[in-house]
Amino acid sequence: MDKRDAESVKQAIGCPMSRRKFLRCLAAAGALAAMPGGLLRSFDAKAGKIIYEGDYEIYRNACPRNCYDTCSIKSYVKDGVLQFIEGAKESTFTDGGLCVKGYAYTRRPYSPDRIKYPMIQDGRGSGNWRRISWDEAMDMIAKKLVEINDKDDSMLGLGLTKYSGNFGITNYAVEGMMTSLGYTTRLVGTPCWPAGIDAQNYDLGDMWCNDPEDMVNSRYIILWGANPAWNSVHTMKYIYAAQDRGAKVVCIDPVFTQTAAKADVYWQVDTSMDGALALGMARHILDKGLFDKAWVEENSVGFNEFADYLRNEITVQWASEKSGIPQQQIVEVAEEFAAAKPATIWIGYGLQRHVNGGATVRSIDALAAMTGNVGKTGGGARYGHMRTWGFNYHALLQKRPEGAKGFLGGKGPKGDFDFSGDEEAEYTDRALNINKTAEMLLTADDPPIRVLWISCKNVLSQDFDRPRMLEAFKKPELIVSVEQFFTQTVELSDIVLPVTTLFEESTINASYWHYWLSVNEQGIKPMYEAKSNTEIAAALSARMNKLKPGSCTFPTEVDTRQWMIKEFNQDIYDLFGIDSWQDLKKGPAKAKMHPASWHDLEFGTPSKKYEFRSDLCAQHGHQALPKFKAARKPYDKLRLLTPHTKFGIHSQFINIDWMEEFNKKPYCYLHPTAASERGITDGDQVRVFNKVGEVELEVKLTQNVPADVVMMYEAWFRNNAYNCQNVVDDTSSDMGKYKTGAPGVAIHDQFADVEKV
Amino acid sequence: MKKQLAFYIDAKRCIGCFTCAMACKNQYHQESGVIWRDVYELKEEIYPHRERAFYSLACNHCENPTCLNVCPVVAYYKREADGVVVHEQDKCIGCGNCIRSCPYGAPRYNPVLKRAEKCSFCWQRLDDDRKPACVLSCPTEALQIVDLAEFDEANAVQYPAGFPRYPSLNPSVRFRLPAMPKMIRRKL
Chain V
1 MDKRDAESVK
11 QAIGCPMSRR
21 KFLRCLAAAG
31 ALAAMPGGLL
41 RSFDAKAGKI
51 IYEGDYEIYR
61 NACPRNCYDT
71 CSIKSYVKDG
81 VLQFIEGAKE
91 STFTDGGLCV
101 KGYAYTRRPY
111 SPDRIKYPMI
121 QDGRGSGNWR
131 RISWDEAMDM
141 IAKKLVEIND
151 KDDSMLGLGL
161 TKYSGNFGIT
171 NYAVEGMMTS
181 LGYTTRLVGT
191 PCWPAGIDAQ
201 NYDLGDMWCN
211 DPEDMVNSRY
221 IILWGANPAW
231 NSVHTMKYIY
241 AAQDRGAKVV
251 CIDPVFTQTA
261 AKADVYWQVD
271 TSMDGALALG
281 MARHILDKGL
291 FDKAWVEENS
301 VGFNEFADYL
311 RNEITVQWAS
321 EKSGIPQQQI
331 VEVAEEFAAA
341 KPATIWIGYG
351 LQRHVNGGAT
361 VRSIDALAAM
371 TGNVGKTGGG
381 ARYGHMRTWG
391 FNYHALLQKR
401 PEGAKGFLGG
411 KGPKGDFDFS
421 GDEEAEYTDR
431 ALNINKTAEM
441 LLTADDPPIR
451 VLWISCKNVL
461 SQDFDRPRML
471 EAFKKPELIV
481 SVEQFFTQTV
491 ELSDIVLPVT
501 TLFEESTINA
511 SYWHYWLSVN
521 EQGIKPMYEA
531 KSNTEIAAAL
541 SARMNKLKPG
551 SCTFPTEVDT
561 RQWMIKEFNQ
571 DIYDLFGIDS
581 WQDLKKGPAK
591 AKMHPASWHD
601 LEFGTPSKKY
611 EFRSDLCAQH
621 GHQALPKFKA
631 ARKPYDKLRL
641 LTPHTKFGIH
651 SQFINIDWME
661 EFNKKPYCYL
671 HPTAASERGI
681 TDGDQVRVFN
691 KVGEVELEVK
701 LTQNVPADVV
711 MMYEAWFRNN
721 AYNCQNVVDD
731 TSSDMGKYKT
741 GAPGVAIHDQ
751 FADVEKV
Chain E
1 MKKQLAFYID
11 AKRCIGCFTC
21 AMACKNQYHQ
31 ESGVIWRDVY
41 ELKEEIYPHR
51 ERAFYSLACN
61 HCENPTCLNV
71 CPVVAYYKRE
81 ADGVVVHEQD
91 KCIGCGNCIR
101 SCPYGAPRYN
111 PVLKRAEKCS
121 FCWQRLDDDR
131 KPACVLSCPT
141 EALQIVDLAE
151 FDEANAVQYP
161 AGFPRYPSLN
171 PSVRFRLPAM
181 PKMIRRKL
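Read top to bottom, the protein sequences are chains V and E. Using my numbering, the first residue of the first sequence is number 1, and each one after it goes up by one. Using my numbering, the first residue of the second sequence is number 1, and each one after it goes up by one.
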């Protein structure tokens, strides 16, 4: 890329200019004249009686974002326009409510910022967009795909990156479309929870958590690196209920979070030293003989070896020095936790986003297990589950075209939400690590990724080492984004295809936390020219087959409702106690599962027991015992944390104008001591910088963060170039490859410094 | 005492999630910049941790509403049955008297209609046997409706720190104060 191109890329990402150009282009195409905001009229405050039942068509929807709560929604439609939504009162988990993000949904389909038509950018990053027809868009893409197949004699030059922007089951049509085209390249793994998934698989044989509603039965709750007050608001009422019944709630987090503010005890642990803390507690429980001897003898393997390790190498004093928590506190909470029956630990996803994250989760699991709290209601080492995800994955399971060639050797990709059970075949797809997307795009060769397809994902706001990603995005010959909004990823794409919101398509949604299942009905017609991911796959297939018959096996006509129906099976009906998917139109259904995971104490491990010593873990190159693992060495003065904001799910929702009313711009948070050392005062504009890159934003001083930390939230604002991925590198966490295809990323093992600008 | 509905804000349970504020937007689609219910962060002098304790506030449906008293065109009335203060926007001339006089900042100016508007306590929903949108939405039951005629909560206060005291208006709102955990901070 020459200097001029580089300049235009810089301009595109550095200022909102290209977005304005994009909107101007939409206006020229006549889009703004039909401003969709106009459809969504405000209720007249003068209005008389409003008839809620009978005056609206009411549909069932479900939030498909990557969130614990996966809320079941009731949407009220009048004259073809979504008027307002509520939570489904049938779900005892959400109890008729949604969250701040959920209630912003009503605005989402009608947002003036929505991408309305397929568009093409003349010069990637130039901002010179023009409207094209779906036919033109499909024609350009199909021709390119035929061309790369002819050149490489395979489709491996086609790469897919997709993750959690839409977990509707039918959205696996994107993967299905790739399979329909041949053997392709997939960016696999997950930036979210892989180290913990592997850890729980080694210890328990699967990741499976108690029903969150069962938390009311707990007598002692440790919220460890979890912030439900922001990320699972509906679980908070169960924690409160347990508290009201006398349970003690301890929150362990480097940051004084909103959840910590609601706990009885808050421990400000040194970041990434959670494992040391758990082991120190375990040592004390062992010494005092407070562990559940009968439980470990009956239900586990390797406990004696673990006990020897604790006695030989762990002391409470050591744990205190490592974690920063005073010995007397460790002793007190350890004794209370061991004595309370039942007691539970909620293991958040934050504490496994470290180079020692998997080892940390294993040591916390061990604490729950040795006190006999695994397999009990009100107990459990809670992390997540996939027990209610047994759909047909009809959208995913497509045939390869005849004669398709792929990657010889190696294993095909599998993500954390892949249930396809890929059969043994001569060829496979090519799997690349999603957590090192920039590096993979730059280094993948023979063939390189010539066409990159992006869906359900905002790569440039979510993937790591963004400065390198900007380089990597210059390499593909064609980049296609499927999106609802003009994200930073769309800015660097060649073609953008407008995709439907949940209200405009049919699908199904399960949760990885609670036990409820919801149907998502199409309540309104797709706005403008938006198509669902299934329809896009069908349109591409039609064009491919016209160009080169037999080159794509995906059906050329689909009906999203029919495809939703195809995902159901008898096992799902039985699990949820329903006779037909149509029963879900009456309301969400809850799985007929025991509220306690592992209640029958039949573990999924090779020994069928809880494994304090996991030989499988050792075979995979880790320690057999849940031993302490050292942290990443700091490479700058302050620890950098980039957790979730309450106003978004990763980069989603923050751009909606309704959300902007309450969350106008990003801030970073700094302890007053760290600030004064740098001559920074509250409200200053600061530069957060490290070896990766830099970010400029306003600072807020607060003792909610430790003095050795700088914190800012992940976000994508529509009118602000802010991006925390400028300063986050792609270092891997220890575990994740076993179950999700690639190790996780040590998102919270980042370091930076701050200065006033 | 006559029935008087009031909002009860349990700051001990409130997680400052803004769900109530957005639920109001979802129900009424106010113009950009017009907010009927907002979530206010407590200053550090009141709660020593920034952005960790909040009051969710809207119109307080006062016993003696100043908005009603200053309105020159009688666009406001107070419902006999439940004390809800209703603003009839079709009568409003946009003079701004109510906006200027309310010490709680409840009435807002709608720049498109050039008229005032404010929290209606979702009286249409009340009449349909439904909770107000904000109350229904609260995930922790930190925002509730109570009837002051029979409200008897020992921990409740009418004027907590940070909430302006106007006894002559007698705002129909009650609060429970936020609490703090035992904090164990590491030494650096």
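Where hints are given, some of them may not hold.
[Said to hold, decoys possible] In silico contact screen, one side only, chain V against chain E (beta carbon under 8 Å); selected entries: (1) 85; (2) 233; (3) 605.
[Stated by the list, open to error] Quick list of in silico lysine-lysine cross-link-like pairs, BS3-like style, CA-CA up to 25 Å: (4) 341/V with 131/E; (5) 144/V with 665/V; (6) 89/V with 182/E; (7) 525/V with 592/V; (8) 78/V with 89/V; (9) 585/V with 131/E; (10) 700/V with 12/E; (11) 637/V with 756/V; (12) 131/E with 665/V; (13) 546/V with 144/V; (14) 737/V with 633/V; (15) 399/V with 566/V; (16) 78/V with 12/E; (17) 700/V with 182/E; (18) 633/V with 187/E; (19) 546/V with 627/V; (20) 43/E with 74/V; (21) 74/V with 737/V; (22) 566/V with 585/V; (23) 664/V with 182/E; (24) 700/V with 2/E; (25) 700/V with 131/E; (26) 608/V with 585/V; (27) 78/V with 586/V; (28) 74/V with 633/V; (29) 143/V with 405/V; (30) 182/E with 248/V; (31) 74/V with 592/V; (32) 43/E with 629/V; (33) 91/E with 637/V; (34) 144/V with 525/V; (35) 2/E with 131/E; (36) 131/E with 586/V; (37) 78/V with 585/V; (38) 2/E with 248/V.
Don't read these hints as lab results, they were simulated from the structure. The beta-carbon is built from N, C-alpha and C at its ideal position, and this holds for glycine as well.
Task: Violated hints - listed by number, lowest first - done: 3, 4, 5, 6, 7, 12, 16, 19, 20, 21, 23, 24, 25, 26, 28, 32, 33, 34, 38
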